[in-house]
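With chain A's structure known, arrange chain B on it following the hints.
Here's the letter readout for the chains.
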Amino acid sequence: MTAENKVGAVLVVGGGIAGMQSSLDLANSGFKVYLLDSSPGIGGTMAQLDKTFPTNDCSMCIMAPKLVDVGRHPNIELITYSEVESVEGEAGDFKVKIRKKARYVDVEKCTGCGVCAKECPIDAVSVFNEGLSERRAIYLMYPQAVPLAFAIDREKCIGCGLCENLCLADAIVYDDKDELSEINVGSIILCPGFEEFDSDQKGEYGHGRFPNVVSSIEFERILSASGPYKSHVLRASDGKQPKKIAWVQCVGSRDLGCGADYCSSVCCTYAIKEAVIAKEHVPSIEPTIFFMDMRTFGKGFESYYNRAKDEYGVRFLRCRISEIKEDPETHDLTIQYETEDGQLIEEEFDMAVLSVGFTSKEDSRDLAGRMGIDLNERGFCQTQEECPVETSRDGVFVCGAFSGPKDIPETVMEASGAAAKASGLISEARNTMVERKALPPELDVTGVGPRIGVFICHCGINIGGYVDVPGLVDYARGLPGVVYAEDNLYTCSQDTQKRFVETIQENHLNRVIVASCTPRTHEPLFQATIREAGLNAHLFEMANIRDQCSWVHMDDRSTATEKARDLVRMAIAKASIIEPLPMVELDITQSALVVGGGLSGMISALAIAEQGYPVDLIEAQSELGGVMRRIHHSSEGMDVQGFLRDTIGKVDSNPLITVHSNSQIIDIDGYIGNYRTTVEQDSDQIEIEHGVVIVATGAVESKPEEYLFGEDERVVTQLDLEGMMAEGADLSGKTIAMIQCVGSREEHRPYCSRVCCTDAVKNALAIKEAHPDANVYVLYRDMRTYGFKETLYERARAEGVIFIRYSLDRKPTVAKGKDGLVVGTRDHILDMDLEIEADLVVLAPAIIPQPGNADIGKLLKVPLNEDGFFLEAHVKLRPVDFSTEGVFLAGMAHSPKFIGEAIAQAYAAASRACTIISSDKFETEATVSSVNEALCSGCGLCAAACPYLAIELVDGKAVVTTALCKGCGVCAATCRSGAVQQKGFKDEQILSLIKGALCEVL
Amino acid sequence: MAYEPKLLGFLCNWCAYAGADLAGVSRVQYPPNMRVIRVMCSGRVDPLHVLEAFRNGMDGVAVLGCHPGDCHYLTGNYQAERKMDLTFRVMEKVGIDPDRLLLDWVSAAEGQRFGEVITDFTERIRELGPLDAADAGPKAAVGEKIASMDRIRWLVGKERDMVDHGNVYGDKLDEAELKDILWNNIVNEYNRELIRSAIRAGSPATVPSIAEAVEMDTATVFKYMIDLENAGQVHMMDIVDDDPRYILVGEVSE
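Residue numbers (numbering that gives the first Met the number 0), protein chains in the order written: chain A, 0 to 1001; chain B, 0 to 253.
Please note that a few of the clues may not be correct.
[Unchecked claim] In silico lysine-lysine, DSS-like type, Cα no more than 25 angstroms apart, as pairs:
1. B:K171 - A:K857
2. A:K985 - B:K144
3. A:K308 - A:K360
[To be verified] Covered stretches of chain B (in silico footprint by chain A; criterion: 3 or more residues with CB under 8 angstroms from a CB of chain A, positions within the stretch not fixed):
4. 62–68
5. 150–161
[What the hints assert, rightly or not] Derived coverage of chain B by chain A (criterion: at least 3 residues anywhere in the stretch with Cβ under 8 angstroms from a Cβ of chain A; other residues may be distant):
6. 36–45
7. 172–183
Just so you know, the hints here were simulated from the structure itself, not pulled from any lab data. Positions of the beta carbon are idealized from the N, C-alpha and C atoms, including for glycine.
So that you can see chain A by itself, here it is in the shape it has in the complex:
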């Protein structure tokens, strides 16, 4: 059932990276978003991580800009420290009851200054630092928290009243109560995340008893520069730097004893990351990883694994550990393990890290119960392969680890995918719940001398306590151009901001300076205010006299004051030569071009059409469907061909989708919002105008060059086998030998093809089901049945499928025997050579990129990775975007993946595309570069330096495509003649700051 009058708002439950991504996509596509989190702040698990694999990016660095974007987005309303009580209504029109828990701190008033926590007499354990350090009873989750507001831990707080006494912002509310409220939304996205397995449950590993046994998430905090040990790798028993560290894999995963019959998917790669980072911190550390199967199946993971082995010397030992012992005197640890040749060894370690798996949260299970959402038997949200972001309830969607263990890129893809579904449902209500503030026209300040107003913030006592603020005001008043100066207790408080507008207008100010905290969090607020007063938002400068002055020079008031004076003077020096920067709006062609008519391309096209925008779908073949036409059943029991027929039918009958089959792209011209593409179809050429591009060119099965493939027809591929079985091949009583990693994970093609292990298990099970008397052998290197696919592997073993591991240096052999084929391999456990008489040999060939990728890449100016797959803008947080704006990526063009994963990514690409084409205008960055033609020699250095290909030479002059420019300013620093300048960061403006820093008098 779907409501008739749909509501143009979405509730997102869970403010981790998934919730943030969903919210941003929705808010940027014209929907109101309520982002709810049960904690006092958003950020989720990712905020706790130190680095992220496989690029070793700093987690907070890549996440912080998103935190800030969410925090200040006009269409996103944060509802923190809250729970969903109940959901009534139907898809399109839900009424949601929300309980806002008593926080005892007014979020609107709290400025995050932290004076309260500094003095609070009560210690509490820091949950954020996983109990490795302490916080106070009044606390901020972490320094970059959004909203930047404290909360009181009521269980710990003794109610002494000190914080209220200290808080100059009047933000403490001791009589705060839980509040119930109701919101009305059209759809709901659930992304409450997961919980780490409680390793205390695995008593034999000693966590909780032995101080030097930590969980992997605790180790993340240890590695983190903002963690309890400030990124020093230390062990708890004696504060010493450990030398030998053991990682123990599969703690709470692949372990029925813990009730976890699944694999947690990410632990192998994160353990590698932690080992590598630990070694980077302290090169003398000797890391060892104890594992069962090394499951580095993701994009770029296998080479990460290889680098850890070869370059960092991480030791990998294939063995499940049964117990960790401790010497009670030294607290050193002893681990007993069995080598591959059966030797029992006891080895001492200084520290052990337990790679804990994912479990579902009790709170989330309760929430699902209240909302009537089906869970699977493991307590995770039940989903279907046809749409992995849908729950069992119409209008309620899911993303991230709530539906199963997954890494950050998968989570972000699903988050965008869920946003596509959640907004597709209510697309007709787009722009009905978002407001655009009516702003007064901008004052023309050309030719008017600077009239500078300076507002200096005490920030309670945060600045005022360490810097002579009234003295600073007097000083500022005496500087050239300054016609007004005042000090405020809190410049950012709502009442001050109201007066701000009046002061600007009364004093005819045309430049405004705020000396307070950091522009990274507060500049947008002040800019919005001066814009309300009729000034261009860029007639503004900030002096950071708190975070980078009063807070870091607390013991010397006079030098701190002197520095603050300099910082204010620098801002004034620049203020007199800043200019209004116009907001440039470009027109957008509100339609999409999808390249590739396989499953991903079709799903993307359908999702965009559902949002109401036309799509041109380009397919090189005569039929839609791509490689999926050769897949007959899925590991999750989906009727693949039926689903494919349905999907093709929907595409063909959708009036907004134009399919161009047998078509090739000849040329693509233009940029975000304004593309013109030439397509050749049966020697006719047509031109298509569109605003965005989705690349979904897919991938292909490679042709094996070994194991008698092509020489003996009894040697086939897994896809061939599926075809044979679909045609009813009789395998009863036959012996089938499957060989994995054919052309994958080898020197010439180092990546893992991800799906083959599960495909082999799936087909082995299908054979066993149809013909219980058939013998199936699977020769593998590491069994990579990650996530819930692990249960299939378990089932296959129970059904009698025989799994034999081989190693790369002793690959299996296939020879023609008297009747059948003879497959030879080495059994490591029995330590002997085996020969299998097989009737059929089934190979799992590598999935390789589409050969035409390089051409498409050139036309679109988007890169491929070293393996030939398309390279996304950022492997973690922008998995479906290219660094070229307006171009997106879906399906196997990105890397090998399963049907469900490709579908999620296809929805994600559609969502990202709709953030652009859902508006008829596109606002460019204000601080973009521009070229003074008279000075430009047309040398092209700027174009070569630009990371975004935003500069081209046209008629011998550099031309900036403003829509592509991101405002880094690299071109300006490269230019030979000063012709290229970055607005807001012009040479003369930077020089004015340098001189302002030095000259006492301007």
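Same frame as chain A, now just chain B:
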């Protein structure tokens, strides 16, 4: 009063500036000597900005960006690395101790480390002592001339392209080789500038008189004179006692 170094810092918005903010939030205490200029990307910092700071009396300049691979603008910090590499070399040549310039990477999570970096740098400059403005000013001015030369900026700007993607012939160049070429250019520019100022100080000048003034051998000076004459920068006025006498072209004598 003890000497307090005057320091300038260029911090990229996304990592180093955020790291500095985190230092504040974490109340990490460090010396108050640095004045910070926020840029969106460390790649925005022009060598001229750094030299201008020295010319105007800064004792030390720090350029802090995102760790390699972490750049918010993909490759901006690599650009910064190349531009600062040029700056270090120019400083070395003109005689401003390159230790007065710091290029380092600080992430948004490294508040503590930001404090350490600033503390170490402040101490380093304190030990080096104040930069004598009367001496360093003209040196920095020469440096600015070198750093604004077309060919120098070209080499720096094109380096990534020529190493990663190939030159106009499609050949990929060796990075070390390019650095040598850059260094030679800096040395040549510097020597030319020395010679120009020697002529400026005593015009008209002869090869032996210049060689004495700039402490180079006459053969080298002569090579430069031919060079400069071909470039139209000096002019042979006459020959007196077999020694050609040169004057500067296009400069009004002071």
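For this session: Could you tell me which of the numbered hints above are not met by this structure, giving the numbers in increasing order?
Result: Of the numbered hints, 3 and 7 do not hold.
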